[in-house]
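Model the full structure from these sequences, guided by the hints.
Its first residue numbered 84, the sequence shown is counted upward by one per residue in this note's numbering.
Zero decoy hints are in this set.
Straight-line alpha carbon distances no greater than 25 Å define the calculated SDA-like cross-link-like pairs of lysine to any residue that follow:
hint	residue 1	residue 2
1	LYS316	VAL146
2	LYS100	ALA131
3	LYS100	ARG440
4	LYS376	GLY411
5	LYS393	ARG381
6	LYS100	LEU125
DEER-style ranges, computed between Cβ atoms:
hint	residue 1	residue 2	range
7	ASN296	ARG392	31 to 41 Å
8	VAL112	GLY423	15 to 25 Å
9	ARG428	ASP126	20 to 30 Å
10	ARG437	ARG392	30 to 40 Å
11	PRO271	HIS135	35 to 45 Å
12	ARG226	MET84	51 to 61 Å
13	ASP255	GLY118	40 to 50 Å
14	ARG461	ARG437	34 to 44 Å
15	ASP215	THR465	25 to 35 Å
16	GLU450	ARG277	26 to 36 Å
17	GLY458	ASP224	26 to 36 Å
18	ASP227	ARG428	49 to 59 Å
Hints in this document: simulated from the structure, not taken from any laboratory.
None of the values given here were measured: they were computed from a predicted structure.
All C-beta atoms, glycine included, are put in the ideal place defined by N, C-alpha and C.
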Amino acid sequence: MDLALPPEAQAWQRRAKTFAEEHLFPHEVELEMQGELPAATLDRLRRAVLEHGLNGINHAKDVGGQGCSQLELTLIGEELGKATGALWAIVPHPAVALKHGTRRQIDAYLRPSCLMERRAYVAVTEPDAGSDPRMVRTRADRRDGRFVINGEKWFVTSGDVADYIILHANVDGDADKPTLFLVDKALPGIRIGREPKFTHTYVFGHPEFVFENVEVGEDCVLGPIGGGLELTKDWFVEARLQIAASTLGAAIRAFELANAWAGERRQFGRAIRDFQAIEFMLADMAVEIMATKSLAYRISCEIDSGLDRKLVHARASALKLQASEMAGRVLDKAVQIFGGRGYMRENPVERLNREVRVDRIWEGTSEIQRVIIGGQLRKRGTAIFTGWR
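Here it is, written out as structure tokens:
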């Protein structure tokens with residue numbers, strides 16, 4: 084069993100690390116203190132993404148992407164996830180559902196998204212539809228060969244900078260016909276209801292959108308009518324893998340900073356790492372990170388080896404649960420080791436501590452991940468998680 088990272092994967096890891104350190108880290112404090120970055124800075128960062136070849140990393144080369152493997156995506160996400168302010172979002176992941184589009188849709192939406200000429204936001208969540216997508220109330224009514232969309236979407240991440248929407252709606256209000264639509268943001272009837280402020284700092288916004296009699300053609304249906312839930316599941320799986328990678332990166336950065344500080348900080352005549360209380364915290368952090376990294380790399384390699392889609396769904400849930408909850412524990416210890424300095428916003432540890440909290444909520448709460456895992460245990464038995472392949 085060869086556990087060494089392939090040379091190509093190591094090259095992607097180095098590329099992402101260089102990009103994060105040279106282009107993301109320098110803007111962290113400015114973003115935290117100002118709440119946003121100037122348009123000129125964002126433009127420079129987008130150009131830097133292209134220059135480093137980090138655009139379209141999750142899509143094939145023939146549609147403008149980089150054709151990265153899942154292991155490579157995990158390594159990239161881990162390095163980018165070390166940046167605060169969700170600056171990793173500067174590197175977009177065009178939604179995996181787009182690869183199921185028609186040739187026209189791929190040329191009009193996926194290809195330019197991979198080339199960073201366009202950007203989408205995925206709109207699923209609603210006031211009454213969070214963990215249960217069957218509670219979606221947004222509807223797309225057929226009318227004279229077109230669809231008329233009415234509804235409301237919440238927590239639309241990066242919706243402020245996107246120019247088109249991948250919208251989850253029920254055709255004719257039928258909950259058995261959940262369908263995805265490609266909707267240009269500039270169409271009449273689309274407006275931002277409000278832009279809430281959240282605990283974390285995020286380089287882009289999470290607006291709430293209102294759709295009032297928005298008309299789209301039949302050629303804007305992405306995938307089959309009634310197939311929206313399955314396509315949305317695939318998007319959730321990809322998002323959960325991304326979150327696992329980024330939270331792993333956040334935990335690693337916090338651990339490295341806390342470990343260094345524990346050696347520098349002196350109290351009672353010696354470095355605080357010489358006190359068993361601190362030493363034990365560092366030991367726990369190291370083991371949790373090591374275990375999560377091993378799990379992330381293993382699952383990534385299994386996916387690259389053709390793991391069954393249902394098993395991918397189950398393992399992605401297990402990984403997201405483990406990584407997001409691990410990051411919360413590690414960040415809490417890192418803050419404690421830094422003491423008062425760990426509570427200062429200028430400290431990356433303080434920012435990361437706030438930012439990883441949402442990872443136990445979005446793209447499926449920890450409780451939903453446990454529901455998925457429990458369901459798979461009932462159907463397939465314990466070996467799905469305790470076995471090897």
